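Trainee: Please work from the sequences and hints to get the whole structure.
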Amino acid sequence: MSIAGDPVTHESAHLHVSGEARYADDVPLPADTLHGALGMSSVAHGRITDMDLAAVAAAPGVAAVFTARDIPGENDCGPVIHDDPIFADGLVQYEGQALFLVVADSHDAARRAARKARVEYQPLAAILGIREAVAAASFISPTQTIVVGQPMERLAAAPHRLKNTVELGGQDHFYLEGQVAFALPQEDGGMLVVSSTQHPTEVQHMVARALGCRVHDVTVHCRRMGGGFGGKETQASLVACAAAVAATRTGRAVKIRLDRDDDMVITGKRHEFLADYEVGFDAEGRILAATITMASRCGYSLDLSAAVNDRALCHVDNAYFLEHLHLVSHRCKTNTVSNTAFRGFGAPQGMMIIENALDDIARALGKDPLDVRRVNFYGVYDRNVTHYGMTIEDNVMPRIARELEASSGYRERRETIARHNAASATLKRGLAFTPVKFGVSFNATLFNQAGALVNVYTDGTVLVNHGGTEMGQGLHTKVRQVVAHALGVPLDTVRVNATDTSKVPNTSATAASSGSDLNGKAAEAAARTVRERLAELAGTELGVPAAQVQFIDGEVRGGGRSMAFATLALRAHERRISLSATGFYRTPKIHWDRVALSGRPFFYFAYGAAVAEVALDTRTGENRLLRVDILHDVGRSLNPAVDIGQIEGGFLQGMGWLTSEELCWNEKGSLTTHAPSTYKIPAAGDWPADARVRLLENAPNVEDTIHRSKAVGEPPLMLAMAVFFALRDAVSACGPGAPKLRAPATPEALLAAVDSLDGARAAAGAEEATA
Amino acid sequence: MGAEDLEGAARYPRFLLDGRVVEARDSTPTTTLLQYLRGPLGRCGTKEGCAEGDCGACTVVVGEARADGMRYRAVNSCIRFVATLDGKEVVTVESLRAPDGSLHPVQQAMVDAHASQCGFCTPGFVMSLFALWLERTQVTRAEAVEAITGNLCRCTGYRPIIDAAMRMHAVGPAMHWPRGPEHDGRRRAALPSADTPVALPGFQAPRTLDALAEAYARAPDSLLLAGGTDIGLWVTKQLRDLPPILYVGDVAELDRIVETDAMIEIGAAVSLTDAYAAIVARYPMLAELAGRFGSPPVRNSGTLCGNLANGSPIGDSMPVLIALGAEVVLRRGAAERSIPLESLYRAFRETSLARGELVRAVRIPLPRAGHLVGTYKVSKRFDQDISALCAGFALSVRDGTIAESRIAYGGMAAIPKRATATEAALNGRPWSLATVCGAAKALATDFAPIGDMRASAAYRNRVAAALLERFHAAHSGDGAALRVEELAVARP
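These protein sequences, in sequence, are chains W and F.
The letter at position 611 of the first sequence is residue 611 when you use our numbering, and the numbering goes up by one with no holes.
The letter at position 394 of the second sequence is residue 394 when you use our numbering, and the numbering goes up by one with no holes.
Just so you know, the hints here were simulated from the structure itself, not pulled from any lab data.
Note that this is a predicted model, so its numbers are computed, not measured.
Keep in mind that the hints are not guaranteed to be accurate.
[What the hints assert, rightly or not] Derived DSS-like pairs (lysine-lysine); straight-line CA-CA distance at most 30 Å: (1) W/Lys740 - F/Lys441; (2) F/Lys237 - W/Lys116; (3) W/Lys740 - W/Lys589; (4) F/Lys237 - W/Lys668.
[What the hints assert, rightly or not] Calculated from the model, a selection of chain F residues having no Cβ within reach of chain W, i.e. all distances over 10 Å: (5) Glu182; (6) Pro365; (7) Arg368; (8) Ala414; (9) Glu485.
[Unchecked claim] What the simulated footprint calls covered on chain F by chain W, stretch by stretch (three residues with Cβ under 8 Å from a Cβ of chain W suffice, anywhere in the stretch; the number is not a length): (10) 52–59; (11) 156–168.
A virtual CB, placed ideally from N, CA and C, is assigned to each residue, including glycine.
Mentor: Here it is in structure tokens:
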């Protein structure tokens, strides 16, 4: 029996399909529960000169209105430093910032009341864009620089050089379940908060701080989220804190669920990036030196922006050896929503920069971009030290590239496409291979720890608590498999509990793809502790040494005899042997010098690659992904069905970021795309009719991870770079030169890229544009 | 029967749910079905993802009596008012699981395909697929994708959901919620009687055209409500207090499609689904537009006449219907007149309807020999997106010469508008690329579009010309692919 590694269905699948899976908004609440709505600012930057909430308070159904003054503790929900007010207090720093909370007897009444506020502002100059912020040296956190080798000298000496700029848009998480929390006052100053959060411990801390109480007074509970993607790592705190404040003030249960449009305006998103680069390279396309200056839009507060940008720094190499590199990272403070974690956490932006450079090099040399990428790959035994000083010990990229190149028919299709493009003036095809190498572990070493609690009951059933949260990624499913495997019991005898800060304390966010690595190991440790105790007893019962006792299929065997696991559990209880144990895990080997920006921040790397083929209408910019081939490394999979799901879903989400998902802001700093009617995440028709997604076989993790598996949450998102570069390839079929293609590559952006090419076709395009 | 006859005697909407009749006594005219399910009925399986009919998490299936049994269709419960469900059946995700807990084949297929991750969108997908399961006995990939274009999933990438749709009919018979005429007959018999119209303070649902027209003429400040796929958002997003509502959907004689030798007439209560089915039967080249209009749940609720009367500059139906020479039939009290569709539009969201006048029907001429027709929509996302621009073309070519041309665009002006200068530059000239390229320059005379979050003005101008050239290529080319979609082939 091997439960770990089986493609078992999601532990909640039967509940999802029948509508019985409960989300925070579905939990029955006391009849007198109040519902909250946030009042939001209407300017990007300004001082509040008057806030008249009389009409809000007098609106039908309203019970109370709360502002910054009503917060018993600290008016802050900033995760790293204290610069994120729950309610703006005098100063408004982005449009949509929360000003107050109104609670009423219904969601609808609260929303209607919130719109009755009359707020006057003294406008202040707003910095909205990245260039503007860099020019004004408006930074939220100090600029970071990494220099390795002799970049300037090598650049000057390089036989070929080129420069370009990369422009990358942000991305809204668009979790289907918006931000939601409710707070239920408990006896003796306690507060129970049910929150849709990736980070219950942080919500616990923020709520305690806002209420001015102690951490043990607050319990945070999360059964599941309707999607997270990083958007509920820090962003869940605002509604949880606001609900808790109102619950404390009124003594009643208070629920806040953000309307979709409000959610999209209020909460942070993926960071927009701008990068200027110059690369020097040889005739093979090998990068000899590079200078890269990247700048990101962080918004009005720090949130996780320093860490996001650090990860961008650590992934600008992607799968390539950059021996001589000058790297600068600006973290811009702007009067826009405070950008935050989003699947990939800066790595996608970092990788897109180097991939752009390699694509430019290939076009400058007239080489196939795959060949240029390949000569730049990290070596397996040499050329294997990253620009932050980490030696890569698990490089499977050459193998992945070899296998995928063959299985995708890359070379033959390249020929076919060239023939097609030569014969087709309007419709061009494009093809691209892009790799992914993603570092697994939180950059900050301290977050790489986890706890779990395993309880065995006297009927042989098992209940597991761990610090990770379930947002659809199948973490509970995997942990359940790990524990069932460790105890040798059937899967259906193991139940994974809702995440609860009173069960497992001091947890890290379920983030950085680390959920099953950390919590799987902690749960396994707890299960093994219980098993060791039981093995001792079973050895006595069966008359064999404990080491010879086997736990298989719900039975305990030894010396040719066996007993049911449930019988053994009951026997243990009778003998006063504890059936409950905690487990703890900390990731070994890792260290990170935050100042020097060097060390071994990652336990290991996850790898993958994709080949995408697209069609582009060069007159309208309409385009379609025709086929994708993916080969992805998950080590020895804990659950191939779950892992394939993460790969496919991550890929399409990444494709949305790079193609159709365009966040538009007007000159006043208002987001104009704050609903699915205007903000277009991929739909079913965007999944290609020809998709061939495979796991890399026979590739157990070289590090001692849980069952030698690898993290899979974030890395596949970056496989979607293949779509972007296939579109760039199709644009390049219109003429020579390095196209300037911004992301997202909307139809309009693609036409602009066609115009940016050198030569006749571009001139024709420019004429059309002015016609 | 006039509106005043019902005052004081409220008649609440009644609908069938899980075999029992629910009388929605605690609903107002603008209570949405989603609010009613999650609130008074405590059925939280149906989710709110966007409250504007764009994500599909709230999808339920609505059954209506038909002469031959029942007809079930997926709709967005978040923007569908409870008052419009009188005499109908509502099926939610909770309805499908058998009392013994066994899953419906649709649900089981989703589980088997690993088609849920976070699960929040899943009930909506299940219900869209359930409607498809009822409608068909097997499902192709294209049909599967089409059925779920109104459902967004942020986790899976859709592949396993598409697989589930293609396999669900092979899972086995349904223990609970089976299909077939016998079951439909039973459910039809259980529908609540609807002998009298629904009447709430601020909501009237006349049963005859005469009553509707009379009521509207008498109270022209009333709000005409048909499918509610736009008006629903006035409530859920703009939080507007609506004027008294006159509901069009219960007028049986408006839910009719009549075809004569010369035209198709589509009544004001005909859903977009039915309207486009009738149009596409005659104009197969409109099939793509029909499939890209909103989503199946939106098309199942929304009406074609509502789309036309709404007058949005980016409505998808208007350009090609204007090009085809469609007319709208207007009714005020007992008086009726018809005008060309393009004359309905005066200025941004302003029509030439008189006070108290309603759009009773639209009349679309039937195809003629030598008549070339096409329509193209361009948007950021292929499916379920609002047009950046949309073009409709209809040309009569005789002996290689353009005898008559009618061209209209959406997204290029404050109203759906004919390109009269461009038409003039085509008429009487040879049907050639040179003519078309020359005429395309006149688009600048016809239009001065704005730039917004969907596209810049420059992009709209440029693509408007490209679409005209594409139309020419489509009717004079060598059969080479003209659209990126034509290059997509499923894995062998």
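Trainee: Quick check: do three or more residues in the segment 156–168 of chain F have a beta carbon closer than 8 Å to a beta carbon of chain W?
Mentor: holds (count 7)
Trainee: Do the alpha carbons of W/Lys740 and W/Lys589 lie within 30 Å of each other, as the hint requires?
Mentor: Not satisfied, since the Cα-Cα distance of roughly 42 Å exceeds 30 Å.
Trainee: Quickly compare the C-alpha distance for W/Lys740 and F/Lys441 to 30 Å and report which way the hint goes.
Mentor: Holds - the C-alpha atoms of F/Lys441 and W/Lys740 are around 28 Å apart, at most 30 Å.
Trainee: For F/Glu485, is the shortest CB-to-CB distance to chain W above 10 Å, so the non-interface label stands?
Mentor: For F/Glu485, whose nearest Cβ neighbour in chain W is about 6 Å away, the distance does not exceed 10 Å, so it is violated.
Trainee: Next pair to validate is F/Lys237 with W/Lys116; report whether the Cα-Cα distance is within 30 Å.
Mentor: Judged against 30 Å, a Cα distance of about 15 Å means the pair holds.
Trainee: Examine each Cβ of chain W, and state whether all of them lie more than 10 Å from the Cβ of F/Glu182.
Mentor: F/Glu182 is indeed farther than 10 Å from all Cβ atoms of chain W, at 25 Å.
Trainee: Checking a non-interface call: every C-beta of chain W should be farther than 10 Å from the C-beta of F/Ala414. Is that right?
Mentor: holds, 18 Å
Trainee: Closest CB-CB distance from F/Arg368 to chain W, is it above 10 Å?
Mentor: Holds, since 29 Å exceeds 10 Å.
Trainee: Minimum Cβ separation between F/Pro365 and chain W greater than 10 Å?
Mentor: For F/Pro365, whose nearest Cβ neighbour in chain W is about 29 Å away, the distance exceeds 10 Å, so it holds.
Trainee: Using a Cβ cutoff of 8 Å, are there at least 3 residues of the segment 52–59 of chain F near chain W, or does the coverage claim fail?
Mentor: holds (count 4)
Trainee: Can the restraint linking F/Lys237 and W/Lys668 be considered satisfied, given a maximum Cα separation of 30 Å?
Mentor: Judged against 30 Å, a Cα distance of about 22 Å means the pair holds.
Hint compliance for this structure: hints 3, 9 are broken, all remaining hints hold.
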